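These are the residues of each chain, in order.
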Amino acid sequence: MMDQQLDSFRRETRAWLEENCPPEMRTPPKSDADVCWGGRKFQPSSPAQAEWLRVMGERGWTVPDWPAEYGGGGLSAAEAKVLREEMAALGCRNPLQSFGISMLGPALLKYGTEEQKHEHLPRIARGEIRWCQGYSEPNAGSDLASLATRAEDIGDHFLINGQKVWTSYADKADMIFCLVRTDTSSKQGGISFLLFDMEQEGVSTKPIRLISGYSPFCETFFDDVKVPKSNVVGEINKGWDVAKYLLGHEREMISGMGSRGGGASVPDTALRHLGRNEDGRLDDPVLRARIALFEVRSRAFAAMAERFIDTLKAGKAHPAQPSMMKYFGTELNKQRHELLMAAGGHDALEWDSEGSNGGAAPRAWLRTKANSIEGGTSEIQLNIIAKRILDLPGG
Amino acid sequence: MPMYWNEDQQMLADSARPFLADKAPVSHLRALRDEGNADGFSRDLWREFADMGFTGLLVGEEDGGLGLGHVEAGGVLEEIGRNLSPSPFLTTSVGAVTALKSGSPAARQAWLPGIVAGETVAALALEEGARHRPHRVATRAERSGNGFRIDGAKSFTVQAQASDLLIVSARTAGGEREADGITLFAIPRSAPGVTLQSEMLVDSGHAARVVLEGVEVDGDAVLGEVDRGSDTLGHVLSALRAGSSAELVGLAEGASGMTLSYMRERKQFDRIIGSFQALQHRAAHLYCEIEVARAATLKAQQLLDDGSEGAHEAASVAKAMTGMASALAVQEAIQMHGGIGMTDEHDIGFFMKRQRVLAEMFGDADFHAEALARAAGY
Numbered sequence: 001m002m003d004q005q006l007d008s009f010r011r012e013t014r015a016w017l018e019e020n021c022p023p024e025m026r027t028p029p030k031s032d033a034d035v036c037w038g039g040r041k042f043q044p045s046s047p048a049q050a051e052w053l054r055v056m057g058e059r060g061w062t063v064p065d066w067p068a069e070y071g072g073g074g075l076s077a078a079e080a081k082v083l084r085e086e087m088a089a090l091g092c093r094n095p096l097q098s099f100g101i102s103m104l105g106p107a108l109l110k111y112g113t114e115e116q117k118h119e120h121l122p123r124i125a126r127g128e129i130r131w132c133q134g135y136s137e138p139n140a141g142s143d144l145a146s147l148a149t150r151a152e153d154i155g156d157h158f159l160i161n162g163q164k165v166w167t168s169y170a171d172k173a174d175m176i177f178c179l180v181r182t183d184t185s186s187k188q189g190g191i192s193f194l195l196f197d198m199e200q201e202g203v204s205t206k207p208i209r210l211i212s213g214y215s216p217f218c219e220t221f222f223d224d225v226k227v228p229k230s231n232v233v234g235e236i237n238k239g240w241d242v243a244k245y246l247l248g249h250e251r252e253m254i255s256g257m258g259s260r261g262g263g264a265s266v267p268d269t270a271l272r273h274l275g276r277n278e279d280g281r282l283d284d285p286v287l288r289a290r291i292a293l294f295e296v297r298s299r300a301f302a303a304m305a306e307r308f309i310d311t312l313k314a315g316k317a318h319p320a321q322p323s324m325m326k327y328f329g330t331e332l333n334k335q336r337h338e339l340l341m342a343a344g345g346h347d348a349l350e351w352d353s354e355g356s357n358g359g360a361a362p363r364a365w366l367r368t369k370a371n372s373i374e375g376g377t378s379e380i381q382l383n384i385i386a387k388r389i390l391d392l393p394g395g
Numbered sequence: 396m397p398m399y400w401n402e403d404q405q406m407l408a409d410s411a412r413p414f415l416a417d418k419a420p421v422s423h424l425r426a427l428r429d430e431g432n433a434d435g436f437s438r439d440l441w442r443e444f445a446d447m448g449f450t451g452l453l454v455g456e457e458d459g460g461l462g463l464g465h466v467e468a469g470g471v472l473e474e475i476g477r478n479l480s481p482s483p484f485l486t487t488s489v490g491a492v493t494a495l496k497s498g499s500p501a502a503r504q505a506w507l508p509g510i511v512a513g514e515t516v517a518a519l520a521l522e523e524g525a526r527h528r529p530h531r532v533a534t535r536a537e538r539s540g541n542g543f544r545i546d547g548a549k550s551f552t553v554q555a556q557a558s559d560l561l562i563v564s565a566r567t568a569g570g571e572r573e574a575d576g577i578t579l580f581a582i583p584r585s586a587p588g589v590t591l592q593s594e595m596l597v598d599s600g601h602a603a604r605v606v607l608e609g610v611e612v613d614g615d616a617v618l619g620e621v622d623r624g625s626d627t628l629g630h631v632l633s634a635l636r637a638g639s640s641a642e643l644v645g646l647a648e649g650a651s652g653m654t655l656s657y658m659r660e661r662k663q664f665d666r667i668i669g670s671f672q673a674l675q676h677r678a679a680h681l682y683c684e685i686e687v688a689r690a691a692t693l694k695a696q697q698l699l700d701d702g703s704e705g706a707h708e709a710a711s712v713a714k715a716m717t718g719m720a721s722a723l724a725v726q727e728a729i730q731m732h733g734g735i736g737m738t739d740e741h742d743i744g745f746f747m748k749r750q751r752v753l754a755e756m757f758g759d760a761d762f763h764a765e766a767l768a769r770a771a772g773y
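Each protein sequence line maps, in turn, to chains A and B. Each residue of the first sequence is one higher than the last, beginning at 1 in the working numbering. Each residue of the second sequence is one higher than the last, beginning at 396 in the working numbering.
Hints were generated in silico from the structure; no laboratory data involved. Among the hints, erroneous ones may be present.
As the list claims (entries may be wrong) - Chain B stretches covered by chain A per the calculated footprint, using a threshold of three residues with CB under 8 Å from any CB of chain A:
(1) 396-405
(2) 607-615
(3) 649-661
(4) 664-673
(5) 690-703
(6) 712-718
Unchecked claim - Label-pair ranges, simulated between beta-carbon atoms:
(7) B/E608 x A/N277: 40 to 50 Å
(8) B/S703 x A/E338: 30 to 40 Å
(9) B/G705 x A/T377: 27 to 37 Å
(10) A/G155 x B/G652: 48 to 58 Å
(11) A/T377 x B/S422: 39 to 49 Å
Unchecked claim - Negatives, chain A to chain B, calculated, CB over 12 Å:
(12) Q5
(13) K238
(14) G359
(15) R363
(16) L366
If you're wondering where the values come from, they're calculated on a predicted model, not measured in any experiment. Quick reminder that beta carbons are idealized off the backbone N, C-alpha and C, glycines included.
With the hints as extra help, turn the sequences into a complete structure.
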């Protein structure tokens, strides 16, 4: 696209955002309740939040680069980048956080039938259906392909029996994309990728209390759940390809938690708790140095995130590059929260008190420890990089 | 602007890659060292840089150069880093050329044609202490007739012995640690009153302490504005930081590439050592560090070429990140090579030595992290 056209797109986009983004949606989310996940059970935390989702969803800008026929914005890579930049410049919140957008959508676009795309993608784009991910099982963590949840062929249906674990927000989700075993004679080659409704008979969920005190993860049980065969994405027994493709997108999403997620600035937090010395510098020189070196890495990673998206959209990224983003981004985010805890000092130890916003700091710190486990551990990412990018031999 | 090379930039890098790999691989540096070459680089090679158009890459077309930018210069510097090719490219074609862009027409006319032709070498006399402190300038330039009279001493002036031109920071006003009151000068190395005390550096490069005693220059020698030299100096340093970052990215890739090759062939316990997970994870971690450093470097180069305000901070981010990533690269390289990596016979040691010098030049990670913290107001 010509620079001129892009400039005029930028002007129009800025004007539209200024006109349509409610002022309350131009500040960072104050808590998890301010993050909009959509879905049938969604309760907006404010009218502005609902309005922001509605106008962005109508324009397809919750998923700017999906094709318009599936509810997307139909934007080019360059236009989508302009939209991101203009939203960042105005401080606009992400209108919709969604596993449908960041995980299932890309997999459906690549592997779904036309019917599946038309049925699911527009409802993801408008935030009408909230999805959860049925991947991990009690005995299938890093070795995901050893999963055992059975899908028994009973003619035009499958009968699903088994258990998933670490199903994020399963209790709040409307539908699940789920890996099931359709053939026991082959490990990777006996897995299928299924979509079904969480309201279906035989599905039950139980939240798991984590070290943060929150329960974002669930155990999910399937007891004779009937799923039509038309709900298979890709071919039967070829679900591992879909699963891996989706994992790449999941890793991109998780890698962004550190750099693009906004959140509290480490230097600001430290200044607020510790103050300045007589030279006007943070009154803790060693912590200041640690923060300063962290900020270098954080800013360098922001450049990497931009480069990653640009190369990805242009088809120039190595297929294993999401592993690199996931590894670096999550380790960075953990380090960030270690520094936020140090910056908060005694204050950041408050778990349940008036001034601590419900122990937000220590709970968020503990939550980040999952970043380098979920979506494939750091060690799995390093294995992938070593083998697929660096071409080192198998063990 | 997307964060990858466009076709022209890719083509330029593709021409730099075989040129430097053929003409100036690590064995070239070793030969210069072993013969005790007085310049620390080959003047024949420098003239070949000119034939390739690299010497005048950042020089405007009106001054006989290619009129390209820092992204393109970075493409050349990456290959210089990968091969450890000794040359005056960074100091002359990036540092001095950026400084001369703020010079008078007379200064540009005096120096740029020689630089473009590969005949003129410039050295940067911008330091006075043990570490990079560009605003600590005690060297004084007093008004004298139509020009200035300069007295003082500059440290760590790389390639000063081989140079024809010195870019010198001197104080025309203000106290010793103030950014204001600095002025930049272009001084012929042969000017009366300039003497050098040579040093050979750990990477076999040459530097000198430059003593200036009553050195007389006219007004045309001033680069940028009198007393406002820190503006010009800021541009020069950002260009050099982005440039040295690119060189460090190439160096880190060179060192890690050599190490990965070794990991794929060396056997112990009847196994290729590259199959050991303990080493694989370290190699993969290093890969990530280098990729992030590369992205930070490209960001700085693009912002410099855009003339963006954010370029100075981006150059600091790049220099700090590449400093850290390349340090890890050379440390892991020696460790993973084991005993052979400690021998002078093996090339990998040259990477460690060059990295040490480049990481220190124009500010290391600590310097830039501190500067960024200061700029962010904490």
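* To do: Starting from the hint 27 to 37 Å, judge whether the C-beta atoms of B/G705 and A/T377 obey it.
  => Hint holds: Cβ distance 35 Å, inside 27 to 37 Å.
* Lying within 30 to 40 Å: is that true of the beta-carbon distance B/S703 to A/E338? -> Roughly 32 Å apart at Cβ, these two residues keep to the hinted range, so it holds.
* **Hint check for B/S422 and A/T377 - Cβ pair distance inside 39 to 49 Å** => 42 Å, holds
* Are there at least three residues in the segment 649-661 of chain B whose beta carbon sits under 8 Å from a beta carbon of chain A? -> The restraint on the segment 649-661 of chain B holds, since 3 of its residues have a Cβ under 8 Å from chain A and three suffice.
* Taking the minimum C-beta separation from A/L366 to chain B, is that value above 12 Å? -> Answer for A/L366: holds, closest chain B Cβ roughly 24 Å.
* Asked: Taking C-beta pairs only, is A/K238 more than 12 Å away from all of chain B?
  -> The claim stands: A/K238 keeps its Cβ more than 12 Å from every Cβ of chain B (closest is about 28 Å).
* To do: Decide, holds or violated, for the assertion that all CB atoms of chain B are farther than 12 Å from the CB of A/Q5.
  => 15 Å, holds
* To do: Would you check whether the claim that A/R363 is not at the interface survives, using Cβ distances to chain B and the 12 Å cut-off?
  => Holds, because the least Cβ-Cβ distance between A/R363 and chain B comes to about 25 Å, which exceeds 12 Å.
* Count the residues of the segment 607-615 of chain B with a beta-carbon closer than 8 Å to any beta-carbon of chain A: does the count reach three? -> violated (count 0)
* Asked: How does the coverage statement for the segment 712-718 of chain B fare against chain A, requiring three or more residues with Cβ below 8 Å from a Cβ of that chain?
  -> holds (count 4)
* To do: Three residues minimum, CB to CB under 8 Å: does the segment 396-405 of chain B make the cut for coverage by chain A? Let me know.
  => holds (count 3)
* **Check of the segment 664-673 of chain B against chain A for coverage (Cβ-Cβ below 8 Å, three residues minimum)** => holds (count 5)
Violated hints amount to a single one, hint 2; each of the other numbered hints is respected by the structure.
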